[in-house]
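Just so you know, the sequences run in chain order A and B. Under this note's numbering, the first sequence has 200 at position 200, and the numbering climbs by one with no breaks. Under this note's numbering, the second sequence has 1250 at position 250, and the numbering climbs by one with no breaks.
One thing to keep in mind: the hints can contain errors.
Claimed, not checked - Below, a sample of chain B positions facing chain A; criterion: calculated Cβ distance under 10 Å:
hint, residue
1, Tyr1086
2, Asn1207
3, Trp1236
4, Asn1249
5, Ser1250
6, Val1254
7, Ala1280
8, Leu1288
9, Trp1293
10, Val1295
To be verified - Label pairs and their in silico Cβ distance ranges:
hint, chain 1, residue 1, chain 2, residue 2, range
11, B, Ala1200, A, Leu37, 47 to 53 Å
12, A, Pro264, B, His1168, 36 to 42 Å
13, A, Gly282, B, Ile1103, 31 to 37 Å
Stated by the list, open to error - According to the in silico footprint, chain B covers these stretches of chain A (three or more CB under 8 Å from chain B):
hint, region
14, 74-82
15, 87-100
16, 150-160
17, 170-177
Hints were generated in silico from the structure; no laboratory data involved. The beta carbon of each residue, even a glycine, is placed where N, CA and C say it ideally should be.
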Amino acid sequence: MATSAPVSIPIPSSRPALSWKDRVQRFLLLDSTLGYLFLLPALLVIVGLVAYPFVSAIIMTFQAKTAGAPGRFIGLGNYRELLASEQFLRTVYNTVVYTAVGVGVKFCLGLSMALVLNQERFCNNLFRSFLLIPWAIPTVMSALNWRWIFDDASGLINNVLVRLNLIEETISWLSNPHLAMLSVLTVVVWQGTPFFTMSFLAGLQSIPKELYEAAEIDGASVLQQFRFITLPRLQPVFITAVMLSAILTSASIQFVYILTNGGPSDRTMIFPVLSYNLALGGAQRLGMGATVSLFFFPVLVVFIIFLTRRMLREKGE
Amino acid sequence: MTPSMTTSRRALQTIPGQWGKSKKVTLSMTSSRRMLKGLGNVVLVLMLLWTAIPFYWMIATSLKHDKEIYGYEATLIPQQPTLDNYATVFRETPYLLFMRNSIVVAVSSTVLSMIIACLGAYAIARLNFPGRAFLARSLVFTYLVPTSLLFIPMFALMSALRLTDSLHGLTIAYLGFDVPFCTWLLMGYFKSVPVELEEAALVDGCNRVTALVRVVLPLALPALVVVTFFSFTHAWNEFLYAHVFTSTNSARTVTTGLANFMSQDVFFWGPLMASTIMSALPPVVMFLVLQRWVVQGLTLGGVKG
Chain A
1 MATSAPVSIP IPSSRPALSW KDRVQRFLLL DSTLGYLFLL PALLVIVGLV AYPFVSAIIM
61 TFQAKTAGAP GRFIGLGNYR ELLASEQFLR TVYNTVVYTA VGVGVKFCLG LSMALVLNQE
121 RFCNNLFRSF LLIPWAIPTV MSALNWRWIF DDASGLINNV LVRLNLIEET ISWLSNPHLA
181 MLSVLTVVVW QGTPFFTMSF LAGLQSIPKE LYEAAEIDGA SVLQQFRFIT LPRLQPVFIT
241 AVMLSAILTS ASIQFVYILT NGGPSDRTMI FPVLSYNLAL GGAQRLGMGA TVSLFFFPVL
301 VVFIIFLTRR MLREKGE
Chain B
1001 MTPSMTTSRR ALQTIPGQWG KSKKVTLSMT SSRRMLKGLG NVVLVLMLLW TAIPFYWMIA
1061 TSLKHDKEIY GYEATLIPQQ PTLDNYATVF RETPYLLFMR NSIVVAVSST VLSMIIACLG
1121 AYAIARLNFP GRAFLARSLV FTYLVPTSLL FIPMFALMSA LRLTDSLHGL TIAYLGFDVP
1181 FCTWLLMGYF KSVPVELEEA ALVDGCNRVT ALVRVVLPLA LPALVVVTFF SFTHAWNEFL
1241 YAHVFTSTNS ARTVTTGLAN FMSQDVFFWG PLMASTIMSA LPPVVMFLVL QRWVVQGLTL
1301 GGVKG
């Protein structure tokens, strides 16, 4: 930090030599010593709870391993078996559809919600708070609630539809192969939209009002203002929110696990659920389970690296 | 909708060269503003309904007798509201134990990750040492790695350390997410505290540690509140680790406890909805109280969506 000038300052000889204790204290308070010391616990956490498990996940993919027993090396056996299994191919397809549709719809709804909440209105803060609540509710709780809403016999939707005489027989929202994915996505969107709303709303509020005033004076229509001011200004927020949501949507297990557990006949099977079922669902094939997740890591890592850069840039690193 | 659209388009065409004089322009602007406002109100009502109906169903179900929940006498509005379901939850299920476990895990992982994160964030924000940038990057990176990539080896690790079915194990496991995230969030806030204040403290005889505790932390108090909120709710809401690492009720948290009720094939939606509401309350109340800061913290960067 402080660079010493090339002039040597004479140290008064009367000054007593530093005691051992002082020296230790000085050493400890050096920027670099202190830096490492302060970061040590965080580093231990990263290494022990993320890096080490991650590396051992990679090793497991080359092993036939069950819980509690040491793994047996089988080379690319797990990978070969997965690629040959129809269930896995279905899972890849489902995961892509699930993530793309989920994020896409959340994005559109979130943007419209944010635009609406950005208008001036009586009690707007109250509406905003209310619309954001699904984000604060534990995901498992929303999933349970929706499972009951979709219930075959007495759930809300069937209940209402029967009452209105719109259907003769109740609809199996979660066990009909054609409807299951749609139903699960409905829940994903319900729970995930507020995150987009919040991000976009904050983005909207950071756009200087002067830009709109100037555009208005120049005669730009509302649509033009949206196209040439709002959208470009929100772009950074768009990218961050979409990437983050893509990582989390594809990798979160709760909705599918609770609503359908991947069924009917793998129609809603996405990779975290498959990984869980293979590893802990009965056969306890930890190696196979790890291989499923690892398959998706290359895609995720691209997003993660990109986001890391963005997030650090925002912090001025 | 269309008439005012066309007027505004016509107004646009009159603009070139004479925008200063044209009254028509401002007029059509206000009318299209009004139209947008109307559209906004309609959308808002739809959004409110879409958000509210599931809540309504959850609450209504929790207040009904079984005969109003299932079968031909099922109702949309509870005819004879009752709190029986809530009583059942406490009387016949280990729900209180789950609650206690959740609180213990959430509080302890929050406290631990706060301490670790404050130190780490301060080091990255203020101290100069080789490898600083790399460490900052690895923190963000680890925060973004989803737990569904890690739960299998974590399960093996926890089993080997005999930390399954224990609140200690769960608390430790949650640090893997909380610490990187909190460190990253605090880093930004610490940077926004003016260096001059700290330098003054250093001149006045503080060392780095006392400067952190006496100067930086008090100034970053709003940040500490946000970080507390995020790590508490994360631990409270977490499902995968809690589900994988526990197999008996002794260490089940509310999330995995309730999911487990359901998988037992005992279909009792009344009590289940009652316990769902009670489990959702703590994070929702915290969110509503701290909303302003939470949204701010969220915009400073990504938060689990």
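Hint check:
1. Checking Tyr1086 (chain B) against chain A by beta carbon gives a least distance of about 15 Å; that is not within 10 Å, so the hint is violated.
2. Taking 10 Å as the C-beta contact cut-off toward chain A, the hint placing Asn1207 (chain B) at the interface holds, the least distance being around 5 Å.
3. At its closest, the beta carbon of Trp1236 (chain B) sits 7 Å from a beta carbon of chain A; the interface hint therefore holds under the 10 Å criterion.
4. The restraint placing Asn1249 (chain B) at the interface with chain A is violated, with a minimum CB-CB distance near 16 Å, outside the 10 Å limit.
5. Interface hint at Ser1250 (chain B): violated, since its Cβ lies 19 Å from the closest Cβ of chain A, which is beyond the 10 Å cut-off.
6. Proximity of Val1254 (chain B) to chain A holds as hinted, the smallest CB-CB distance being about 8 Å (cut-off 10 Å).
7. The beta carbon of Ala1280 (chain B) is positioned within 10 Å of a beta carbon in chain A (closest approach about 5 Å), and the interface hint is therefore held.
8. The interface hint given for Leu1288 (chain B) holds, since its Cβ lies 6 Å from the closest Cβ of chain A, which is under the 10 Å cut-off.
9. At its closest, the beta carbon of Trp1293 (chain B) sits 12 Å from a beta carbon of chain A; the interface hint therefore is violated under the 10 Å criterion.
10. A distance limit of 10 Å between C-beta atoms decides the matter here; for Val1295 (chain B) the minimum to chain A is near 5 Å, and the interface restraint holds.
11. Our hint of 47 to 53 Å for Ala1200 (chain B) and Leu37 (chain A) is violated, since their Cβ atoms are close to 24 Å apart.
12. The supplied range of 36 to 42 Å is met by Pro264 (chain A) and His1168 (chain B), whose beta-carbon atoms lie about 39 Å from each other.
13. A C-beta distance of roughly 32 Å is found between Gly282 (chain A) and Ile1103 (chain B), which places it inside the suggested range of 31 to 37 Å.
14. Counting residues of the region 74-82 of chain A whose CB lies closer than 8 Å to any CB of chain B gives 0, which falls below the minimum of 3, so the coverage claim is violated.
15. A stretch counts as covered by a chain when three or more of its residues have a beta carbon under 8 Å from one of that chain; for the region 87-100 of chain A and chain B the count is 0, and the coverage is violated.
16. Counting residues of the region 150-160 of chain A whose beta carbon lies closer than 8 Å to any beta carbon of chain B gives 6, which reaches the threshold of three, so the coverage claim holds.
17. Remark: the region 170-177 of chain A is not confirmed as covered by chain B, as 0 of its residues place a Cβ nearer than 8 Å to a Cβ of that chain, below the required three.
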